[in-house]
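Novice: Next come the chains, spelled out residue by residue.
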Amino acid sequence: MIPVSFDYVRAGSLDEALAALAEHGDEAKILAGGHSLLPLMKLRLATPSLLVDIGALSELSYVRDRGDHIAIGAGTRHHDIQHDATIVASAPLLAAVAGRVGDPQVRHRGTIGGSIAHADPASDLPAAVLALGGSLVARGPAGERVIEATEFFRGFLETALSPEEILIELRVPKGSQGHSYQKFVRRSQDWAIVGAAAVRVDGRVAVSLVNVARTPVRASAVEDALASGASATEAADLAAEGLEPSGDNNATPEFRRHLARVLTRRALEEAGV
Amino acid sequence: MKVTMDVNGAREERDVEPRTLLVFFLRDGLGLTGTNVGCDTTSCGACTVLMNGQSVKSCTVLAAQAEGASITTIEGLARGEELHPMQRAFREHHALQCGYCTPGMVMAAVSLVSENPDLDERGVREGLEGNLCRCTGYHNIVAAVLDVARSARGEAS
Amino acid sequence: MSILGNRVVRREDQKFLTTGGSYVDDLVLPGAAHIVYVRSPMAHARIRSIDTSEALGAPGVVAIFTAADIDLSPMPPGAPFVNREMSRPWLAGSVVRFVGDLVAAVVAETREQAADAAELVIVDYEPLTPVIDPATAEANATFVHESAGTNVALRLPEDLVTVGMMPAEAAQEPPDLFEGCDVIVRQRIVNQRVAPCPLEVRAAASSWEDGRLTHWATSQAPHAVKGELVQLFGVDEDAVRAIAPDVGGGFGAKIGGYPEELFVAWVARRLGRPARWVETRTESMLALGHGRAQIQEAELGGTRDGRILAYRLGVIQDAGAYPAFGAFLPMMTRLMLSGVYDIAKVSFSSCSVATNTNPVVAYRGAGRPEATAALERMVDIFATEIGVDPAEVRRQNLVGNDRFPFTTPTGTTYDIGDYQAALDRVLEAAGYAELREEQRRRRESGDARQLGIGLSSYVEITNGIPGSEFGSVEMLADGKARVRTGTSPHGQGHVTSWAMLVADQLGIAMDDVEVIHGDTDLVPRGVGTFGSKSLQSGGVAVYQAAGQVVEKARRLAADLLEANPNDIELDKERGLFAVAGTPSVTRSWAELAAASGDEGLSAEVDFAAPGATFPFGAHLVVAEVDTETGLVRLARIVAVDDAGRLLNPLIAEGQVHGGLAQGVAQALLEEMIYDEQGNPLTSNLADYAFVSAAELPSFETHPMETPTPLNPLGAKGIGEAGTIGSTPAVQNAVVDALSHLGVRHIDMPTTPLRVWSAIQAARSGR
Chain D
1 MIPVSFDYVR
11 AGSLDEALAA
21 LAEHGDEAKI
31 LAGGHSLLPL
41 MKLRLATPSL
51 LVDIGALSEL
61 SYVRDRGDHI
71 AIGAGTRHHD
81 IQHDATIVAS
91 APLLAAVAGR
101 VGDPQVRHRG
111 TIGGSIAHAD
121 PASDLPAAVL
131 ALGGSLVARG
141 PAGERVIEAT
151 EFFRGFLETA
161 LSPEEILIEL
171 RVPKGSQGHS
181 YQKFVRRSQD
191 WAIVGAAAVR
201 VDGRVAVSLV
211 NVARTPVRAS
221 AVEDALASGA
231 SATEAADLAA
241 EGLEPSGDNN
251 ATPEFRRHLA
261 RVLTRRALEE
271 AGV
Chain L
1 MKVTMDVNGA
11 REERDVEPRT
21 LLVFFLRDGL
31 GLTGTNVGCD
41 TTSCGACTVL
51 MNGQSVKSCT
61 VLAAQAEGAS
71 ITTIEGLARG
81 EELHPMQRAF
91 REHHALQCGY
101 CTPGMVMAAV
111 SLVSENPDLD
121 ERGVREGLEG
131 NLCRCTGYHN
141 IVAAVLDVAR
151 SARGEAS
Chain X
1 MSILGNRVVR
11 REDQKFLTTG
21 GSYVDDLVLP
31 GAAHIVYVRS
41 PMAHARIRSI
51 DTSEALGAPG
61 VVAIFTAADI
71 DLSPMPPGAP
81 FVNREMSRPW
91 LAGSVVRFVG
101 DLVAAVVAET
111 REQAADAAEL
121 VIVDYEPLTP
131 VIDPATAEAN
141 ATFVHESAGT
151 NVALRLPEDL
161 VTVGMMPAEA
171 AQEPPDLFEG
181 CDVIVRQRIV
191 NQRVAPCPLE
201 VRAAASSWED
211 GRLTHWATSQ
221 APHAVKGELV
231 QLFGVDEDAV
241 RAIAPDVGGG
251 FGAKIGGYPE
261 ELFVAWVARR
271 LGRPARWVET
281 RTESMLALGH
291 GRAQIQEAEL
301 GGTRDGRILA
311 YRLGVIQDAG
321 AYPAFGAFLP
331 MMTRLMLSGV
341 YDIAKVSFSS
351 CSVATNTNPV
361 VAYRGAGRPE
371 ATAALERMVD
381 IFATEIGVDP
391 AEVRRQNLVG
401 NDRFPFTTPT
411 GTTYDIGDYQ
421 AALDRVLEAA
431 GYAELREEQR
441 RRRESGDARQ
451 LGIGLSSYVE
461 ITNGIPGSEF
471 GSVEMLADGK
481 ARVRTGTSPH
491 GQGHVTSWAM
501 LVADQLGIAM
511 DDVEVIHGDT
521 DLVPRGVGTF
531 GSKSLQSGGV
541 AVYQAAGQVV
551 EKARRLAADL
561 LEANPNDIEL
571 DKERGLFAVA
581 GTPSVTRSWA
591 ELAAASGDEG
601 LSAEVDFAAP
611 GATFPFGAHL
621 VVAEVDTETG
631 LVRLARIVAV
641 DDAGRLLNPL
651 IAEGQVHGGL
661 AQGVAQALLE
671 EMIYDEQGNP
681 LTSNLADYAF
691 VSAAELPSFE
701 THPMETPTPL
711 NPLGAKGIGE
721 AGTIGSTPAV
731 QNAVVDALSH
741 LGVRHIDMPT
751 TPLRVWSAIQ
761 AARSGR
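Protein chains in written order, with the working numbering: chain D, 1 to 273; chain L, 1 to 157; chain X, 1 to 766.
Calculated Cβ distances over 12 Å to all of chain D for the following chain X residues: (1) L56; (2) A63; (3) V95; (4) A135; (5) G149; (6) A168; (7) P274; (8) G314; (9) T413; (10) E428; (11) V579; (12) G742.
Covered by chain X, per the in silico footprint, the following chain D stretches (three or more residues, Cβ under 8 Å): (13) 2-13; (14) 181-190; (15) 247-256.
Under 10 Å between C-beta atoms, here's a sample of chain L residues computed to sit facing chain X: (16) G38; (17) A46; (18) L132; (19) C133.
The hints are simulated quantities; they were obtained by calculation from the structure and are not laboratory data. These numbers come from a predicted model, not from an experiment. Note that beta-carbon positions come from the ideal geometry of N, C-alpha and C, so glycine has one too.
Chain D on its own, in the form it takes in the complex:
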């Protein structure tokens, strides 16, 4: 319940935050909403010696229509994404998924940047970003770079970010003809046992899966089958292709594979495929 002691600095600017990271390396962690990090620290599973609080940087919280994509500041809260008119209109999958993260209190605090940088394969938003074919903008000592979502998630809780980089923006393509997020839970506030996100953009269908691997994954066999003319049901049957999901209290690996197929089919149906 009580985190291990740490030092704390409130960054007055992004540069200040970057400087703190550069100085302390992986002994420092960025604190935004804190709803991925603080729960770990309270159980003493994470013990950074310095927290760099970027929560007061309002310049990281925004939603902007940039014509060919929507730009979302990494500090934007899940609640705001869920209700943002631009996102609801032009990237509705993201709004729908943001509305399923945790519970209302969590959504008031958690940020999309925090969720994506934490990269828990059981989280909802990383999979949504992957399905949307989005990209992440990171700023570090060497400047800014854009990382495709497909390159971003490297392993369990591991991303392409270096310890000195801060995620500052998410970019998602505009426009979708249909979307669905099928989150399979026993209790409403739970992490997904398995989840399937589907989105239809300009005839292309993308499907990503939650909690079936060490990262969020695209169901590429499903996508390829659809592109070759398979029906939603036929394609969904391939959802578990190449997957070796883990087992836990809630599901055996076999049950996860089965759920991946069922949820993918339902997601495709709801997305109008």
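Using the hints, position chains L and X against chain D.
Specialist: The following block gives chains L and X in isolation, referenced to the frame of chain D:
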């Protein structure tokens, strides 16, 4: 380190460790023990307060993160002797038994109604997914919140 | 107009809704040192060494205690006639016996410092083979308690015979138990271990002053805690004051004192300063007593047309590492073995075993939900086997109304019931025929979402442990009343309820009745609140005390008015005594209190009910099962419950609601899981599926009132009934949804994995 915030309309400044959670700042630092701790995994919602008008789980916010914020706890909900409609509704509907989840539940419900003008039963149940109660079975809590939601819409309850 | 029987809003709520309750951890206790316990991460291990040197040097540390420091006799045994070699030490001596077992107490100036220092205590463990599966504990060569030479804590009925509570002949299984049965169905049923999860975890605080201890406890029974402390320290009764302030739920798990609670008083005395402790939720999941944990072998036999003739239940009770009340749950199961049915022959046997897990305690229903869950499951299995509607099978076998008081084959005497009416009522309220029709439609269309209808007819025992409860009423100089009750409410609304009873007797306003509870200095004796006993014991005591005060007042008024006491009437509308025929000449309560002089105007009652009472009912659950994913959605929960005459239907309903939620949660969601090494896998509220509002529908409750003749209020208990009835109704509904696929049984909780696996197995003909 010093933290300063507005709590229930009063400016409060205290010395805290960086690791001091907002819930302990309120309980130990300010003596506002109405807000309770019920778990250690951000699951139960007993610690829910309003931060700048929005419900948050104060066990998962550092006091430092609340610097400059406006916090409302259960102690700050009533206006003097006059109970907030949610407090009144909880009492009328017998929406509490042991009372331990109640402050957090009430604050979560106040935030829920303020953000959702068209709440129906499903909306209330899902809206309270982050607030656990062991005593009431939720039935009367849902009735109380729906009552307040309807009144807020100007409907008869 | 009597207020009794009315839906009266609670007086307690003003405080809870504005400043919040005053729970133990809210206490301001200047100078108190904080305790954090070091707990075993191993299920079974020998402690080679404990190194506290680094921890002792940590900031703010005042002291660290291990078993070697303790100058106390062992804790009182957990329950009568459990093997003394299985007693629980204060802190583990040479062996730890479950993950969470207490190893050391770290005391520091602040909570944070104690938590930090606790991590610096280094314990060297030598792993021992853990005994985890209760099914193999009896035969296991490894003993949880080496010196006990066995893992068996209690065997029924043998041990009842041994201690003379049962004649040997009665312990024999009836010869030819299943003679005459056309059909016998058998099923192994798991009534899984659950965690009570009160929203408030345990806390304790102790302060000694001039040799007198004041101890605050999150307890359902402060007088019992006082007794434990008196015995522990060998002091006089008046040297200890135990206080249960507001308590955030107990459900049976917070009755007696746990070592980590009582030890706070020892620390305070040793250090000469107050001490306090509060656990984390994770600790509470590990070490607050668990519930249920029975493996059941059930056999039920009857005729082809539905008459049940015989029933046998064998139970393996997991009692945990230090068998206490948990070992006794099968006794309660045995008491309620045959439920609402008239079954000619029954047989029961149980073996309670120690395992390297957290001890099991009483949890909402304490042995009776286990009885009902097994029986109601077997009735459904029987009904499916013979192809008769499960409502019809129940109807055929219910004990008729003319049979009360009814003594069951296990010797339990039910006071009064109307089981047929409860069943009829629930079927009607649910629209049974329409539900079956909807089920048929979905089966025919092969709908992915199938409908299941689950029934449960139940009866349960309340106030079953002999004893009395204390209540007193005292008139104050201003004409108000002060009530002291031995009950210890923690959500049950006794302040409002007892105020109703007393106000009704005295003819004064409810708000003029003060109710005191939970403090052994203010209430001379008491039993506490558990077992659904308070209204029918403590409530009656208070009611009778008020009645006695009225009689004393009547005699006093007679003196003052120079009349015959028989001619004195109490006008309850105005709260005034007058001589019949001259209503304008009155004496008020204030005047009578003043006139009563040194003797005062008061009465004390220790009410001992002549016997237990037996609330009953019938529940029906409609479950929608997604056959593709195994997910179960509870569509409707319909509950008919009869707890005798209801004093405050608003409060009674709230008790049913809470009971339903917990019962449903066991069937659908919750399970406390240990792996084969004894590591708990569900040790926080994220992993343990504590039910939320989103998983439940609103309840459809239909109270019945068949007053009991056993007390003047006609009241039975209601706190646990909802839990007892609802669990099997849910489980039966889930199985019923899939019975057309050949699914016959699914163990609780009916998780998607279990449901889906059952469907796969049935489809492939296994």
